[in-house]
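Asker: If you read the protein sequences in the order shown, they are chains A, B, C and D. Position 320 of the first sequence, counted from 1, bears residue number 320 in the numbering used here, the numbering being contiguous throughout. Position 24 of the second sequence, counted from 1, bears residue number 24 in the numbering used here, the numbering being contiguous throughout. Position 242 of the third sequence, counted from 1, bears residue number 242 in the numbering used here, the numbering being contiguous throughout. Position 302 of the fourth sequence, counted from 1, bears residue number 302 in the numbering used here, the numbering being contiguous throughout.
It should be emphasised that the hints constitute simulated quantities derived from the structure, not laboratory data. Certain hints may be false.
[Claimed, not checked] 30 Å max Cα-Cα, derived DSS-like pairs, lysine-lysine:
#1 D:46 / C:309
#2 C:309 / D:129
#3 C:290 / D:86
#4 D:54 / C:46
#5 C:290 / D:129
#6 D:326 / C:290
#7 C:86 / B:54
#8 D:290 / C:290
#9 B:46 / A:290
#10 C:326 / D:290
#11 D:309 / C:183
#12 D:183 / C:309
#13 B:290 / A:183
#14 D:330 / D:86
#15 A:326 / A:86
#16 B:183 / A:309
#17 A:86 / B:86
#18 A:129 / B:309
#19 A:290 / B:86
#20 C:290 / D:231
#21 A:54 / D:231
#22 D:231 / C:309
#23 A:309 / B:290
#24 A:319 / A:290
#25 A:27 / A:129
#26 B:290 / A:86
#27 D:290 / C:86
#28 A:309 / B:46
#29 B:309 / A:290
#30 A:231 / A:330
#31 A:290 / B:129
[Said to hold, decoys possible] Sample of chain D residues with no beta-carbon within 10 Å of chain B, all distances over it, derived:
#32 2
#33 7
#34 41
#35 46
#36 114
#37 139
#38 142
#39 161
#40 254
As the structure is a computational prediction, the values presented were derived from the model and not from experiment. Glycine included, C-beta positions come from ideal geometry on N, C-alpha and C.
4 protein chains.
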Amino acid sequence: MELIEFKPTKEQLNYTFGGAAPVMKIKPGTALKLWSEDAFNNTINKITDLSSEKVDLRFVNPQTGPFYVEGAEPGDALAIHIVDMKPARGHGASSTIPFFGGLTSTDRTAMLQDALPDTTWIYEVNSAKNTVGFQSRFGDFAVELPIECMFGTIGVAPAGGEVRSALVPERFGGNMDSPEVRKGATVYLGVNVEGALFSIGDGHYRQGEGEACGTAVEGAMDSIIIVDLIKGAAPAWPRIENDEFYMAVGSSRPMEDSWRIGQVELIRWFQDLYGLHQMDSYQLLSQITKVPVANVVDANFSVVIKAAKELLPNVSAFKSMHASLKERAKDLKL
Amino acid sequence: MELIEFKPTKEQLNYTFGGAAPVMKIKPGTALKLWSEDAFNNTINKITDLSSEKVDLRFVNPQTGPFYVEGAEPGDALAIHIVDMKPARGHGASSTIPFFGGLTSTDRTAMLQDALPDTTWIYEVNSAKNTVGFQSRFGDFAVELPIECMFGTIGVAPAGGEVRSALVPERFGGNMDSPEVRKGATVYLGVNVEGALFSIGDGHYRQGEGEACGTAVEGAMDSIIIVDLIKGAAPAWPRIENDEFYMAVGSSRPMEDSWRIGQVELIRWFQDLYGLHQMDSYQLLSQITKVPVANVVDANFSVVIKAAKELLPNVSAFKSMHASLKERAKDLKL
Amino acid sequence: MELIEFKPTKEQLNYTFGGAAPVMKIKPGTALKLWSEDAFNNTINKITDLSSEKVDLRFVNPQTGPFYVEGAEPGDALAIHIVDMKPARGHGASSTIPFFGGLTSTDRTAMLQDALPDTTWIYEVNSAKNTVGFQSRFGDFAVELPIECMFGTIGVAPAGGEVRSALVPERFGGNMDSPEVRKGATVYLGVNVEGALFSIGDGHYRQGEGEACGTAVEGAMDSIIIVDLIKGAAPAWPRIENDEFYMAVGSSRPMEDSWRIGQVELIRWFQDLYGLHQMDSYQLLSQITKVPVANVVDANFSVVIKAAKELLPNVSAFKSMHASLKERAKDLKL
Amino acid sequence: MELIEFKPTKEQLNYTFGGAAPVMKIKPGTALKLWSEDAFNNTINKITDLSSEKVDLRFVNPQTGPFYVEGAEPGDALAIHIVDMKPARGHGASSTIPFFGGLTSTDRTAMLQDALPDTTWIYEVNSAKNTVGFQSRFGDFAVELPIECMFGTIGVAPAGGEVRSALVPERFGGNMDSPEVRKGATVYLGVNVEGALFSIGDGHYRQGEGEACGTAVEGAMDSIIIVDLIKGAAPAWPRIENDEFYMAVGSSRPMEDSWRIGQVELIRWFQDLYGLHQMDSYQLLSQITKVPVANVVDANFSVVIKAAKELLPNVSAFKSMHASLKERAKDLKL
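Based on the sequences and whatever the hints tell you, model everything.
Answerer: Right under this line is the structure:
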């Protein structure tokens, strides 16, 4: 298997899904060793770096990519397996950007109150212990938290000639901010344009479900992924598979619509996997799904619907793509 | 410790929070061995029992209670520890009630489409294996699922003289339909009226997060709970504690508001537990919360926000009430 | 026609729909000359009266009523015709109650920002010009605005034994805060309990659609209404008729659900009025409805759907009740 | 004043805001005599033309434009005055597209119910009476309705390099589907890219507020508009002015957020127009705004907030642009 290494220069970073020329063409089955810049574009590195002063909102969530996958056509499913991830910098950062986040008024949930204080927290990485350190900004409380790397964004070019900001989660993936997009996961995305044009970015050293304050422990990331293609198997919305779960992700507003989208998507998947009638799939999943919220802060809110494999008979999804990618990933190391 | 056994007659069942005379007075610290009827009021017992024919919507979610807790006054916190739960009947039932549920139009999300088919699934209890059996209604698929008992409803009388249907989750608890309300959990509810007037019901042999189709594996339940009181410590919204997590539950519409309520409630709790500034509590919880959806089908949608104790320094909540209740529960068995 | 005058004492005011004993029994067809207290319960009378200091939230939206209507049974429609309204006090008041209103975080749309300043505006009534005077609190701008009296609340006891705060708009009417509930309108409400138990209150000397800041120009009100009954004709949600429009009001959250409820209710009404198929009623109303928002600040948001009579063939609604009530109202004067 | 006539060929039609090359460059102050295709792209012309068979969703809401306005730069306000509109075809059409519309489940409000029947209504234009004819599809009811022409879409290229479908209403205008965008209105849009790149389309011969079934009386349109520029005066969200009202339009989900956006935008405008403090502007508009819903069916829902000029002292907005454009429009005729 081919392993291609790619670390974008500042000029090679992109800030949209769709609308950018591919950084390279790859064949299905290619492994990529990637570096991605943090969501703040490396502008927040100490607690005196305030988002309102340092962050240029035109240049956030810089994307590594897009990659043109040879042979990918609308209607295909792109499979992206995350082999490994680790922090590429010695610290992560989180900020309460004025009028951005889940517990503040925003440009959408518009109100007349003053903004919360623009505050920055720096999380030092302790590689030996595999932790990041939370340190209070208004007191002495400190605690070490396990590093749990994930990608906030993973997506392809949208349909219909649209170009969307890298801050947006949607049908094409994008800024879903789900902790499920981590090592060991295979993400399935429907291809909308020739070459699929996928990219990744917005690495988080850890993130709570919901990403309440609007930013995770944001950090540059080293990663290895394998990219493959399943012809004619495009899901309607992003699906994720790992060793434990089948998952679907809905992204919309209000949040009950995100949930509805994801729940219907998993019902459809289960109809296929187990030959179930729609009503039986609805019933069965009603009794077994786990529903972790992903983000309640982005242009769309994202909700994950997941069903544990251990509760269910063993079947093959997407032609056993996940198992195959795991097998191929065995010898790859960061 | 006093252990009082109570199995309501059909006439003793109640269908509201508030508005019903107490079935008995108990002292704080009392243990109760309870029986609760299923949400359908025992009308759905075979697959030919259709909800549209058998269920009287005036008499659903029958409550065991209300119990008047001596000394409970507005501003106090009621602590209800669930010692144990087990099925009190040999089968559970689930139905897709017309125009009720998460993936159908409803009286609120009103549309013009026809209802989904009114369908009933019966889940036989296998006590030896501790499972319930899912059996397709439109095919041959069958699978045994672990029993994971929980209460759909647990609540007190509302404030302001209101009386609410037992189908409603709100600030007073009620029909939150959260799988977290299970064995080992201590639920904290703010007292609104003298005596608190709490009740429980709507037992589920298992339920997926979201309760997508509108009903869980509904079943009559045997349970033991211990009820205690913490003077002057009323939380604004329901909180839950177990050995692993601190939790808060928000219930409103749209679902992002349920999330906001729960997230703010846990932030407030963490400010108290760890002496944190609001902004530090916001930040810390942003990186560690788990956010399982509870229900997306009731009069309000419910979302749970939870933080793992193992990530955090050891502190005492509600005067160590949870630990105390666990200790007292040791000798109690169903 | 009987004309009964009723001015409640402070002790006779009620603060809920349902749950209160009737202040009197009346026969269908009775005219009532009523006085209603303002929403603040007469606590805000000068700009130094701050809502956070003066208003007791347990005693807001005091209701004049409930009235027991003889012969009213569940399934009937109560028709309440507003003959006339005028200010019963020389000034109205509006306040930005902390964490209440449409452009501030609230207990539901919970956030971490500070409250907007608690500010009071007093509107002097100019009876000669029939205006109220807006006077800036933070500058010199002043303007006279026409008095356009309306009731914020009009409702009956809820179904299912519920008791709801007078702050809540719902299926039973209540705190809809619609400017359409004004002189010349006939409001149709479905009866849920024997006697209907309707009440009115929360008079506004004027109000913008949406009631953005949370309070209108609140004021005590003199009014005359006529109450009548249409057996077996209960609408699912409140309907309103005046000389120009057929209307339906939906109240829920999120606001699109309020809209859906009202739109479906008017579609159902048009199916009956014109013998239309559901799809034709949907289509026709899609091209002619006016949709003024009523409130975006209460426990539920309210949206009015209305269709102009002048666009349509002349038909009789509710057995020509509106025309009959208008005729009967001719000799009644405030 | 220059009057340029432009009727696009089928190949010149565009389907996005942003992402398309300008059809021509014009100077500020130019009058344009335009023809626009209907939203269905002329595929629905008789009742047997079903949307599911005839409409290609990649080619709906065809835009006339984009026009490059010389000198327009980010931060400027584009002013588009609608001088006149009239039907350019002898009939309009409306369809209930499967899983599209306000009272059906959709790809966002995803559910499991069957679609409503795909049905087409044709409205014959009666030029003499200036009406369109509604004719029941499932019965005999028919009625003539006044023609009230409006543009469903009017917008500029989005910010941030985004390209959005012509079905989307947003900060850049777009598919707001507001009946206020009609003859006599001046629409102000913030410019995001050099040349502004505005386009118009989606003409409606009439439409109810909300556009409940998802489509209006869709028809090709002849129109005259005048386009001008106010340097450095970009509003945050679309504003509209006519002889009677100042208006702002918010577009988002859930609908309360659309309302919040529009209400805040009008508050900001009134702070400027009348030198008001934020709290006074909030208060004043709370008592005078009209709030007609525009659409509850598109990718975002749109709500209009409007304040009547007759209630207020006379002031000049956008350097009296509306009055100036009206004056200049006097001699222009369709």
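Asker: With reference to the structure, classify each hint as holding or not holding.
Answerer: Hint check:
1. Restraint check: the Cα-Cα separation between residue 46 (chain D) and residue 309 (chain C) comes to about 29 Å, which is no more than 30 Å; the hinted pair holds.
2. Our distance criterion of 30 Å between C-alpha atoms is met by residue 309 (chain C) and residue 129 (chain D), whose separation comes to about 19 Å.
3. With a C-alpha separation of about 22 Å, the suggested pair residue 290 (chain C) and residue 86 (chain D) falls inside the 30 Å cut-off, and the hint holds.
4. With a C-alpha separation of about 65 Å, the suggested pair residue 54 (chain D) and residue 46 (chain C) falls outside the 30 Å cut-off, and the hint is violated.
5. For the proposed pair residue 290 (chain C) and residue 129 (chain D), the alpha carbon gap of about 22 Å is at most 30 Å, so the pair holds.
6. Taking the CA atoms of residue 326 (chain D) and residue 290 (chain C), the gap is near 27 Å; set against the 30 Å cutoff, the hint holds.
7. With a C-alpha separation of about 51 Å, the suggested pair residue 86 (chain C) and residue 54 (chain B) falls outside the 30 Å cut-off, and the hint is violated.
8. At most 30 Å may separate the alpha-carbon atoms for a hinted pair to count; residue 290 (chain D) and residue 290 (chain C) meet this at roughly 12 Å.
9. This hinted pair checks out: residue 46 (chain B) and residue 290 (chain A) have alpha carbons roughly 27 Å apart, not beyond 30 Å.
10. This hinted pair checks out: residue 326 (chain C) and residue 290 (chain D) have alpha carbons roughly 27 Å apart, not beyond 30 Å.
11. Restraint check for residue 309 (chain D) and residue 183 (chain C): the C-alpha separation of about 24 Å stays at or below 30 Å, so the hint holds.
12. In summary, the hint linking residue 183 (chain D) to residue 309 (chain C) is supported, as the alpha carbons are separated by about 24 Å, within the 30 Å threshold.
13. Distance hint between residue 290 (chain B) and residue 183 (chain A) is fulfilled; the C-alpha atoms sit about 19 Å from each other, no more than 30 Å.
14. Pair hint residue 330 (chain D) plus residue 86 (chain D) holds up; C-alpha atoms about 17 Å apart against a cutoff of 30 Å.
15. Only pairs whose Cα atoms come within 30 Å are accepted, and residue 326 (chain A) paired with residue 86 (chain A) is accepted, the gap being roughly 18 Å.
16. The suggested pairing of residue 183 (chain B) with residue 309 (chain A) holds, with an alpha-carbon distance near 24 Å, which does not exceed 30 Å.
17. Distance check on the hinted pair: residue 86 (chain A) and residue 86 (chain B) sit about 45 Å apart at the alpha-carbon level, beyond 30 Å; violated.
18. A threshold of 30 Å between alpha carbons decides the hint, and for residue 129 (chain A) with residue 309 (chain B) the separation of about 19 Å falls inside it, so the pair holds.
19. Of the supplied pair hints, the one linking residue 290 (chain A) and residue 86 (chain B) holds, its CA atoms being roughly 22 Å apart against a limit of 30 Å.
20. For a cut-off of 30 Å, the pair hint linking residue 290 (chain C) to residue 231 (chain D) is broken: about 36 Å separates their Cα positions.
21. For the given pair, residue 54 (chain A) sits about 28 Å from residue 231 (chain D) by alpha-carbon distance, which is consistent with the 30 Å threshold.
22. A threshold of 30 Å between alpha carbons decides the hint, and for residue 231 (chain D) with residue 309 (chain C) the separation of about 45 Å lies outside it, so the pair is violated.
23. With a C-alpha separation of about 21 Å, the suggested pairing of residue 309 (chain A) with residue 290 (chain B) holds against the 30 Å cut-off.
24. Of the supplied pair hints, the one linking residue 319 (chain A) and residue 290 (chain A) holds, its CA atoms being roughly 24 Å apart against a limit of 30 Å.
25. Of the supplied pair hints, the one linking residue 27 (chain A) and residue 129 (chain A) is violated, its CA atoms being roughly 37 Å apart against a limit of 30 Å.
26. Distance hint between residue 290 (chain B) and residue 86 (chain A) is fulfilled; the C-alpha atoms sit about 22 Å from each other, no more than 30 Å.
27. Of the supplied pair hints, the one linking residue 290 (chain D) and residue 86 (chain C) holds, its CA atoms being roughly 22 Å apart against a limit of 30 Å.
28. Using a Cα cut-off of 30 Å, the hinted pair residue 309 (chain A) and residue 46 (chain B) holds, with the two alpha carbons roughly 29 Å apart.
29. Between residue 309 (chain B) and residue 290 (chain A) the alpha-carbon distance is near 21 Å, which keeps this suggested pair within the 30 Å criterion.
30. Under the criterion of a C-alpha separation no larger than 30 Å, the hint pairing residue 231 (chain A) with residue 330 (chain A) is consistent with the structure, at around 24 Å.
31. Annotation: proposed proximity of residue 290 (chain A) to residue 129 (chain B) holds, straight-line Cα distance about 22 Å (limit 30 Å).
32. With 10 Å as the threshold on Cβ separation, the claim that residue 2 (chain D) sits away from chain B holds: the shortest Cβ distance comes to roughly 49 Å.
33. At roughly 38 Å, the least C-beta separation between residue 7 (chain D) and chain B is larger than 10 Å, which holds for a residue marked as non-interface.
34. No Cβ of chain B approaches the Cβ of residue 41 (chain D) within 10 Å, the least distance being about 26 Å, so the stated non-interface status holds.
35. The beta carbon of residue 46 (chain D) sits about 24 Å from the closest Cβ of chain B, which is more than 10 Å, so the claim that it is off the interface holds.
36. With a least beta-carbon separation of about 6 Å from chain B, residue 114 (chain D) fails to lie farther than 10 Å from that chain, contradicting its non-interface assignment.
37. Chain B leaves residue 139 (chain D) outside its interface by the beta-carbon criterion, the shortest separation being 16 Å against a cut-off of 10 Å.
38. Against chain B, the non-interface label of residue 142 (chain D) holds: every CB pair exceeds 10 Å, the least being about 22 Å.
39. Listed as outside the interface, residue 161 (chain D) is consistent with that label: its C-beta sits roughly 28 Å from the nearest C-beta of chain B, beyond the 10 Å cut-off.
40. Taking the minimum C-beta to C-beta distance to chain B, about 5 Å, the non-interface status of residue 254 (chain D) is violated against the 10 Å cut.
Hints 4, 7, 17, 20, 22, 25, 36, 40, counting from the list given before, are not met by this structure.
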